[in-house]
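Q: Fit chain F to the given chain H structure using the hints.
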Amino acid sequence: VNNRVRELRLERGWTQGDLADRLDVSRQTIYAIETGRFDPSLPLAFAVSRLFKLPIEKVFDPDA
Amino acid sequence: VVESEHMTADDFRADAKRHFRWKYVLPSGVWMIVLLQAIERLQDPTLVGTPRTLWIVVPALLFIPAYWAWAAAERLQDEMNRAINGRAAIVAFRFTLFWLFALALLDAAVGLPHMVPGPFGLPDETFGWFEAGFVPMFFWMFAWIRERRRVLPQP
Numbered sequence: 001v002n003n004r005v006r007e008l009r010l011e012r013g014w015t016q017g018d019l020a021d022r023l024d025v026s027r028q029t030i031y032a033i034e035t036g037r038f039d040p041s042l043p044l045a046f047a048v049s050r051l052f053k054l055p056i057e058k059v060f061d062p063d064a
Numbered sequence: 065v066v067e068s069e070h071m072t073a074d075d076f077r078a079d080a081k082r083h084f085r086w087k088y089v090l091p092s093g094v095w096m097i098v099l100l101q102a103i104e105r106l107q108d109p110t111l112v113g114t115p116r117t118l119w120i121v122v123p124a125l126l127f128i129p130a131y132w133a134w135a136a137a138e139r140l141q142d143e144m145n146r147a148i149n150g151r152a153a154i155v156a157f158r159f160t161l162f163w164l165f166a167l168a169l170l171d172a173a174v175g176l177p178h179m180v181p182g183p184f185g186l187p188d189e190t191f192g193w194f195e196a197g198f199v200p201m202f203f204w205m206f207a208w209i210r211e212r213r214r215v216l217p218q219p
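Protein chains in written order, with the working numbering: chain H, 1 to 64; chain F, 65 to 219.
One or more hints might be untrue.
What the hints assert, rightly or not - Subject to a maximum C-alpha distance of 20 Å in a straight line, what follows is the list of computed DMTMM-like cross-link-like pairs (lysine to aspartate or glutamate):
#1 F:Lys81 / H:Asp21
#2 F:Lys81 / H:Asp24
#3 F:Lys81 / H:Asp18
Claimed, not checked - If you want a taste of the chain F side facing chain H, the calculated C-beta under 8 Å gives, among others:
#4 Met71
#5 Asp74
#6 Asp75
#7 Ala78
#8 Asp79
#9 Asp142
#10 Glu143
#11 Met144
#12 Asn145
If you're looking for bench data, these hints aren't it; they were derived computationally from the structure.
Yeah, the Cβ is synthetic: ideal placement off N, Cα and C, and Gly gets one too.
This is chain H alone, in the form it adopts within the complex (with noise of 0.2 Å):
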């Protein structure tokens, strides 16, 4: 699943640490996520998706 986390995260001037913090995970799962390594759960998707306040399929792409 391809994913704008980290493009909408530069947008709002955070780090990945910033990031992580808000979702209470670590920065490396952010790493993971941003870089395609890992795929979040769907909660995780829908929080990362709430903080950006936009709707999921604008964040994470399903048909990448």
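A: Okay, now just chain F, sitting in the frame of chain H:
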């Protein structure tokens, strides 16, 4: 801005802040210290009767809070780390089976000391390395049934 895939000192500090709880570390530490002490003491042939039994039973009982602490600490991990731990456990489980059955083959070929000989009243041939290989499989089977029932409640 930290963008590295490697764990930095800040990452370790953040993880420790998120996960470290004395109530989870302490039971494992106590269990390990008592276990090491028990192994030391039980080698003394003059230790007999109730004290000997206690040095066998107490570490076994202390495993219960240690197990609880491991499970609780696992729940504190985030989902990526839980996934990594899970995959690592799967690989380790397969290698454990390979190791035990390799010992069973070696046992058949050249003879090896068995894990559970005389003291429990089992003759040597009753519980060898081949049978030991089935123990983790039974553990897996019980865990599988428990997890499946949790996900798919029985009618």
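Q: Indicate, hint by hint, whether the structure satisfies it.
A: Going through the hints against the structure:
| no. | hint | in the structure |
| --- | --- | --- |
| 1 | F:Lys81 / H:Asp21 | holds, 11 Å |
| 2 | F:Lys81 / H:Asp24 | holds, 11 Å |
| 3 | F:Lys81 / H:Asp18 | holds, 15 Å |
| 4 | Met71 | holds, 7 Å |
| 5 | Asp74 | holds, 7 Å |
| 6 | Asp75 | holds, 5 Å |
| 7 | Ala78 | holds, 7 Å |
| 8 | Asp79 | holds, 6 Å |
| 9 | Asp142 | holds, 4 Å |
| 10 | Glu143 | holds, 5 Å |
| 11 | Met144 | holds, 4 Å |
| 12 | Asn145 | holds, 7 Å |
Consistency note: the structure conflicts with none of the earlier hints.
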